[in-house]
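**Student:** Below, each chain spelled out in residue letters.
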Amino acid sequence: MNKEWPLWEVFVRAKNGLSHKHAGSVHAADARMAVEAARDTYTRRMEGVSLWVVPSAAITASDPGGAEALFAPAQDKVYRHPTFYTIPENVKNI
Amino acid sequence: MPGEDNLFHHAVRLGDDALILAQRLSEWCGHAPMLEVDLALANIALDLFGQATFFLGLAGKLEGQGRDANALAFHRDVLDFRNCLLVEQPNGDFAQTIARQFLFSNWQELLMREIAAAPEVRLAAIGAKAVKEVTYHARYASEWVVRLGDGTEESRARMIAGLDWMWRFVDELFDSRDGTPSLRPEWDARIARTLAEANLELPKPRRAVLGGRAGHHSEHLGHLLCEMQFLPRAYPGAVW
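Respectively, the protein sequence lines represent chains A and B. Heads up, the first sequence is in the working numbering, so the first residue is 284 and it goes up one at a time. Heads up, the second sequence is in the working numbering, so the first residue is 906 and it goes up one at a time.
None of these hints come from the bench; they were simulated from the model. One or more hints might be untrue.
Take a look, some chain A residues computed to stay more than 12 Å from chain B by CB distance [unchecked claim]:
(1) Glu287
(2) Trp288
(3) Asn299
(4) Ser302
(5) Ala312
(6) Ala321
(7) Arg322
(8) Pro338
(9) Ile342
(10) Thr343
(11) Gly348
(12) Pro356
(13) Thr366
(14) Asn373
Computed cross-link-like contacts, SDA-like style, restricted to lysine to any residue with a CA-CA straight-line distance of at most 25 Å [to be verified]:
(15) A:Lys304 with B:Ile1065
(16) A:Lys286 with B:Ala974
(17) B:Lys1037 with A:Leu334
(18) A:Lys304 with A:Phe294
(19) A:Lys360 with A:Tyr325
(20) A:Lys298 with B:Asp952
(21) B:Lys1037 with B:Lys1109
(22) B:Lys1109 with B:Phe1079
(23) B:Lys1034 with A:Lys286
(24) B:Lys966 with B:Arg1044
(25) A:Lys286 with B:Arg1018
(26) B:Lys1034 with B:Arg1044
(27) A:Lys304 with B:Lys966
(28) B:Lys1034 with A:Lys304
(29) A:Lys286 with B:Ala1033
(30) B:Lys1034 with A:Val332
(31) B:Lys1037 with A:Asn299
(32) B:Lys1034 with A:Thr326
(33) A:Lys286 with B:Lys1037
(34) A:Lys286 with B:Ala1062
(35) A:Lys298 with B:Lys1109
(36) B:Lys966 with B:Tyr1041
(37) B:Lys1109 with A:Asn299
(38) B:Lys1037 with A:Tyr325
(39) B:Lys1037 with B:His1128
(40) B:Lys1034 with A:Glu330
Just so it is clear, CB atoms sit at the ideal spot from N, CA and C, and this is done for glycine as well.
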């Protein structure tokens, strides 16, 4: 029997309005313990105002072997960047 | 509210409780069952060291003899400490440490809430900051009581043993000189609620051991102070 507790991925929201960003992982027996472990491990220095924890097993990752097919085609499509538009001066944060 | 002299003693008791428990918890640093727990216990210890600094700092000012928080922490001998006996009890295993934290933090949370709302502004300011910290300590310890109590046969036996060890030091928390007897009914209710959730029975009544508030400590405190006070005494004025 595996005696290690399951792994949880931790996401921290730095301040309201920003999105949760991946911070790292913790071991915990359940979600509630994972939130507390995440609080104690990743927000000790005021890094966050909100936490998400997700069982690491629930994450499906893209296949590194397929990276070329997945990501390379985007390389020569600069027109997808919205840099061809003039942005009105009073629009901030773009 | 008591006069300045009583207020001094009051602040010393609050500061000593936090200081001694913080030092005890620090002993887990690098030894906890897992990294996440190690950090959690160290966080709690740091919160308590912070509270001790404020309470003892205030005590030093009230006394007016030029002693600051460091002087009170490192240059008093065991008979001058006024912490309750509960906080100086040895860590034992993790369950015994959790038992001590559970009983103490639930009491401290109620006490800090009261102090935060009290008319004595200097104490109230420290209490208001401490409430948030201690609320988490109580929650953390209570959750572990449930996990261990309602866990495996082994964890349950250890949790029961831990609570049995600490139970005789509970009555001292409700010493009349701090006006804490009034906190007892709510404390009893909280403890009973968590123990019920943990599927544990209330420990059997034990003959209370008292004396910490009068400076009569167990032998454990002397050893703890020996380690805690060694450096500033061996190297007076040492800086980091």
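**Student:** Against this structure, judge whether each hint is valid.
**Tutor:** Right, here's what the structure says about each hint:
1. Once the 12 Å rule is applied to beta carbons, A:Glu287 is inconsistent with being away from chain B; the minimum gap is 9 Å.
2. Against chain B, the non-interface label of A:Trp288 is violated: not every CB pair exceeds 12 Å, the least being about 8 Å.
3. Distance check on A:Asn299: its Cβ is at least 19 Å (rounded) from any Cβ of chain B, clearing the 12 Å threshold; non-interface status holds.
4. Against chain B, the non-interface label of A:Ser302 holds: every CB pair exceeds 12 Å, the least being about 25 Å.
5. Interface exclusion of A:Ala312 from chain B breaks down, the closest Cβ pair being 7 Å apart, not more than 12 Å.
6. The beta carbon of A:Ala321 sits about 9 Å from the closest Cβ of chain B, which is not more than 12 Å, so the claim that it is off the interface is violated.
7. Separation of A:Arg322 from chain B is inadequate, the least Cβ-Cβ distance of about 8 Å not exceeding the 12 Å criterion.
8. No Cβ of chain B approaches the Cβ of A:Pro338 within 12 Å, the least distance being about 15 Å, so the stated non-interface status holds.
9. Look at A:Ile342: its CB is around 20 Å from the nearest CB on chain B, clear of 12 Å, so calling it non-interface holds up.
10. Residue-level check passed: A:Thr343 sits 25 Å from the nearest beta carbon of chain B, beyond 12 Å.
11. A:Gly348, annotated as away from the interface, keeps every beta carbon of chain B farther than 12 Å; the closest lies near 32 Å.
12. With a closest Cβ-Cβ approach of about 41 Å to chain B, A:Pro356 is found to remain outside the 12 Å limit, as its non-interface label requires.
13. Remark: the non-interface label on A:Thr366 is consistent with the geometry, its nearest Cβ contact in chain B lying 44 Å away (cut-off 12 Å).
14. For A:Asn373, the condition that its CB be more than 12 Å from all CB atoms of chain B holds, with the nearest at approximately 40 Å.
15. Between A:Lys304 and B:Ile1065 the CA atoms are separated by roughly 41 Å; this puts the pair beyond 25 Å, and the hint is violated.
16. Distance restraint check for A:Lys286 and B:Ala974: the Cα-Cα separation of roughly 44 Å exceeds the 25 Å cut-off, and the hinted pair is therefore not satisfied.
17. With a CA separation close to 18 Å, the supplied pair B:Lys1037 and A:Leu334 stays within the 25 Å bound.
18. Proximity of A:Lys304 to A:Phe294 is assessed by CA-CA distance (about 5 Å); at most 25 Å being required, the pair is judged to hold.
19. For the suggested pair A:Lys360 and A:Tyr325, the alpha carbons sit about 38 Å apart, so the restraint of at most 25 Å is broken.
20. Of the pairs offered as hints, the one joining A:Lys298 and B:Asp952 holds, with about 23 Å between alpha carbons and a cut-off of 25 Å not exceeded.
21. Only pairs whose Cα atoms come within 25 Å are accepted, and B:Lys1037 paired with B:Lys1109 is rejected, the gap being roughly 32 Å.
22. Under the criterion of a C-alpha separation no larger than 25 Å, the hint pairing B:Lys1109 with B:Phe1079 is consistent with the structure, at around 18 Å.
23. Among the hinted pairs, B:Lys1034 with A:Lys286 is inconsistent with the structure: their alpha-carbon atoms are about 39 Å apart, more than 25 Å.
24. The suggested pairing of B:Lys966 with B:Arg1044 is violated, with an alpha-carbon distance near 33 Å, which exceeds 25 Å.
25. A hinted pair counts as satisfied when its Cα atoms are at most 25 Å apart, and A:Lys286 with B:Arg1018 does not qualify at roughly 40 Å.
26. Straight-line distance between C-alpha atoms of B:Lys1034 and B:Arg1044 comes to about 17 Å, which keeps the hinted pair within the 25 Å bound.
27. Restraint check for A:Lys304 and B:Lys966: the C-alpha separation of about 45 Å exceeds 25 Å, so the hint is violated.
28. Pair hint B:Lys1034 plus A:Lys304 does not hold up; C-alpha atoms about 29 Å apart against a cutoff of 25 Å.
29. With a C-alpha separation of about 41 Å, the suggested pair A:Lys286 and B:Ala1033 falls outside the 25 Å cut-off, and the hint is violated.
30. Of the supplied pair hints, the one linking B:Lys1034 and A:Val332 holds, its CA atoms being roughly 18 Å apart against a limit of 25 Å.
31. For the proposed pair B:Lys1037 and A:Asn299, the alpha carbon gap of about 20 Å is at most 25 Å, so the pair holds.
32. The straight-line distance between the Cα atoms of B:Lys1034 and A:Thr326 is roughly 18 Å, inside the 25 Å bound, and the hint therefore holds.
33. Simply put, A:Lys286 and B:Lys1037 have alpha-carbon atoms about 34 Å apart, too far for the 25 Å limit, and the pair is violated.
34. A distance of roughly 20 Å separates the Cα atoms of A:Lys286 and B:Ala1062; the hinted pair therefore holds under the 25 Å criterion.
35. Our distance criterion of 25 Å between C-alpha atoms is broken by A:Lys298 and B:Lys1109, whose separation comes to about 48 Å.
36. Proximity of B:Lys966 to B:Tyr1041 is assessed by CA-CA distance (about 29 Å); at most 25 Å being required, the pair is judged violated.
37. Distance hint between B:Lys1109 and A:Asn299 is unfulfilled; the C-alpha atoms sit about 49 Å from each other, more than 25 Å.
38. For the proposed pair B:Lys1037 and A:Tyr325, the alpha carbon gap of about 18 Å is at most 25 Å, so the pair holds.
39. Taking the CA atoms of B:Lys1037 and B:His1128, the gap is near 31 Å; set against the 25 Å cutoff, the hint is violated.
40. A C-alpha spacing of about 19 Å is found between B:Lys1034 and A:Glu330, which places the hinted pair at or below 25 Å, so the restraint holds.
In this structure, the hints that do not hold are numbers 1, 2, 5, 6, 7, 15, 16, 19, 21, 23, 24, 25, 27, 28, 29, 33, 35, 36, 37 and 39, in rising order.
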